[in-house]
Amino acid sequence: MTAVFTAFKEAGLASLVAFLLALPLIGFRTNTTGTGLNFEFRWEALVVSVVIVFVGRCVLTSTRGLWQQSRLHLPSFGYLRSVIDRRRVSFAVIVVLVALLFPFMPEVDRRAIDLATLVLIYVMLGWGLNIVVGLAGLLDLGYVAFYAVGAYTFALLGTVYDWSFWGCLPIAGAVAAMFGVLLGYPVLRLRGDYLAIVTLGFGEIIRVVLTNWVALSGGPNGIAGIPRPTLFGLEFTRRTREGHSFHEYFDLPFSGDHRITFLYYVILILALVTNVFVLRIRKLPIGRAWEALREDEIACRSLGINPVNTKLSAFALGAMFGGLAGAFFASRNGFISPESFTFIESAIILSIVVLGGMGSQIGIVLAAAALILLPEALREFSEYRMLVFGLAMVLVMLWRPRGLLAHRKPTLTLYPSGSRTLK
Amino acid sequence: MTINELLRVEHLTMRFGGLVAISDLSFSAAQGEITAIIGPNGAGKTTVFNCLTGFYKPTVGRLTFTVQGKQPVYLERMDGFRIARAGIGRTFQNIRLFPAMSVLENLIVAQHNELMRASLFSVAGLLGLSRYYDAENEAIELAKKWLDRIGLISDADRQAGELPYGDQRRLEIARAMCSKPALLCLDEPAAGLNRNESGALNELLRDIRDTQGIGILLIEHDMSVVMNISDHIVVLDYGQKISDGFPTVVRHDPRVIRAYLGEEEDYDVDAVQPGLPC
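Protein chains in written order, with the working numbering: chain A, 1 to 423; chain B, 424 to 701.
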């Protein structure tokens with residue numbers, strides 16, 4: 001009886017709050033009439049919203065116990081984890097093979113390849129940001145700034161000087177890395193929340209500068225006509241001014257799909273290079289120093305590790321991969337504007353890293369696929385898309401608070417896994 | 424005091440605002456000896472350490488550190504990580520391991536600078552040149568040697584944070600030793616250890632002194648722990664040196680006895696100056 005009473009009491013309080021909030025937010029509606037505005041009082045909507053909150057609260061209170069019990073029985077990725085651990089190499093090979101053959105699979109159309117390309121951009125960004133957030137433990141909320149720097153570097157070099165994509169790619173990476181150091185230097189002493197706020201500000205500064213420096217970046221109009229990547233000089237157009245285009249050279253009928261497929265492979269290779277780089281550098285002294293710095297900076301100093309250089313190298317390398325992905329993004333779209341580099345992009349990339357489980361490479365792939373494909377799949381619910389997206393994130397965080405695949409493997413071991421005898 | 428003087432502290436004074444934590448402290452530590460700094464809580468022992476290892480910049484004083492065959496360096500001017508590179512290893516009162524990393528990794532991180540040079544600042548490592556792998560294997564061998572000595576060889580792949588407290592203490596000492604210091608500074612190494620563990624610790628410290636030929640400087644507030652392992656004891660009280668010499672001499676120094684036991688009318692062993700880090 002008391003349980004029912006508390007449930008009603010809580011629900012009553014919740015609906016009172018809902019009423020107070022809904023009165024100005026939902027209760028009044030302004031209508032434009034010929035002469036001006038007039039108010040309309042929508043008491044039905046008000047009542048409905050309060051009733052929804054009341055019933056919802058009642059249900060929540062009465063099922064709270066159930067939810068806590070059921071948490072224990074929710075499936076975990078334990079099985080998948082053990083499979084990945086045991087056959088680490090073969091699992092990675094399967095994933096790469098699937099990715100390589102993806103464009104030629106049945107039922108895979110132009111739209112699917114395009115979407116896969118988008119997912120791979122975010123996978124690459126996630127792997128790049130993972131250096132900064134997952135390994136070095138520096139919470140960076142402005143990662144999109146480096147993505148923008150890479151994109152604009154290539155867009156400007158490509159449109160003003162007619163440089164090719166492949167020539168500009170290293171330059172875009174280098175310029176982004178330079179910006180990484182520029183940002184890193186003033187924030188060396190900051191950690192955690194403070195660092196997050198400053199990096200967030202840096203991301204916004206880059207976007208605002210790009211919007212307002214019209215002479216350089218074209219302002220809100222952006223830059224159009226960015227050159228597409230070529231395959232050893234072969235373009236993917238119907239006709240070229242000189243030389244051959246791809247379909248002429250290989251004597252194929254022209255199809256727009258060639259370009260889409262080619263772009264897919266370019267980003268796949270870029271992402272794989274990022275992955276191999278991160279996996280390798282993690283096992284090098286610099287990678288271990290990043291992790292040690294994340295664990296305890298003071299202890300690092302006492303062992304003679306220079307925290308300035310170590311942090312800056314993490315910022316620079318993370319930014320470099322962001323810049324490379326940005327250059328690809330510019331080349332793929334052919335048009336960029338500051339609109340593409342808003343804070344929400346940074347938030348999505350960070351969510352990918354956190355959801356994937358910090359430091360987990362395959363977790364980031366899963367998280368990127370989920371975060372990019374989910375909003376696409378929910379397009380029909382356009383208005384509620386972000387709501388469902390948020391709900392999904394909250395659920396994942398409740399279910400696996402340390403990320404989908406959070407598990408740290410030591411960078412070197414003395415014993416083969418699971419045994420206590422020397423190798 | 425001895426021929427192979429490693430560290431000489433002269434007129435060290437540290438003020439925090441109006442509070443004088445250490446005033447005009449001079450002492451020295453020699454190679455091949457265990458020097459202990461003792462004193463009641465709040466005497467300024469940890470502050471001395473933090474000045475030596477670069478966490479504080481002393482208000483006044485000169486700290487000269489001379490490794491045999493090298494130019495003397497002046498620690499009061501250096502950054503913490505450069506002091507560590509010059510050859511001072513340290514442990515912390517509240518253990519600072521890298522808890523999420525494995526025991527072995529903790530010891531490999533300690534050899535960061537050598538490995539970094541061997542990997543040509545990651546270039547040789549990324550390319551997979553054998554030059555780097557040789558250095559890495561050497562580093563693993565050194566780590567194995569220390570794991571053997573502290574009895575944690577079978578726990579090499581466990582997370583450092585999972586180890587029992589006593590093992591973490593010994594691991595922290597092994598980690599400091601892997602950075603190949605000329606002077607090992609230990610901040611209350613016996614704190615929180617039981618009688619057996621602290622006996623084993625004394626054994627380890629003597630062994631390090633005798634086989635590695637380095638100097639050890641340790642802080643302790645419990646006199647009984649240091650009496651039987653130290654070669655030389657410096658006693659602090661309220662930031663001032665009240666006694667300095669062989670353990671037998673210090674033990675019978677009336678001022679030391681007064682600082683620890685207090686005088687009849689003023690019996691307060693834990694007289695702590697407020698706000699003073701110990």
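One thing to keep in mind: the hints can contain errors.
[To be verified] A short, non-exhaustive set of chain B residues, derived as facing chain A with CB atoms under 7 Å: (1) V496; (2) R500; (3) M501; (4) G503; (5) A507; (6) I518; (7) S525; (8) N536; (9) L543; (10) A547; (11) L549; (12) A579; (13) R581.
Simulated from the structure, these hints should not be mistaken for lab results. Ideal Cβ positions, reconstructed from N, Cα and C, are used throughout, including at glycine.
Status of each hint after checking the structure:
{"no.": "1", "hint": "V496", "verdict": "violated (13 Å)"}
{"no.": "2", "hint": "R500", "verdict": "violated (16 Å)"}
{"no.": "3", "hint": "M501", "verdict": "violated (11 Å)"}
{"no.": "4", "hint": "G503", "verdict": "holds (4 Å)"}
{"no.": "5", "hint": "A507", "verdict": "holds (4 Å)"}
{"no.": "6", "hint": "I518", "verdict": "violated (9 Å)"}
{"no.": "7", "hint": "S525", "verdict": "holds (4 Å)"}
{"no.": "8", "hint": "N536", "verdict": "holds (5 Å)"}
{"no.": "9", "hint": "L543", "verdict": "violated (10 Å)"}
{"no.": "10", "hint": "A547", "verdict": "violated (9 Å)"}
{"no.": "11", "hint": "L549", "verdict": "holds (6 Å)"}
{"no.": "12", "hint": "A579", "verdict": "holds (4 Å)"}
{"no.": "13", "hint": "R581", "verdict": "violated (9 Å)"}
In summary, the numbered hints that this structure violates are 1, 2, 3, 6, 9, 10 and 13.
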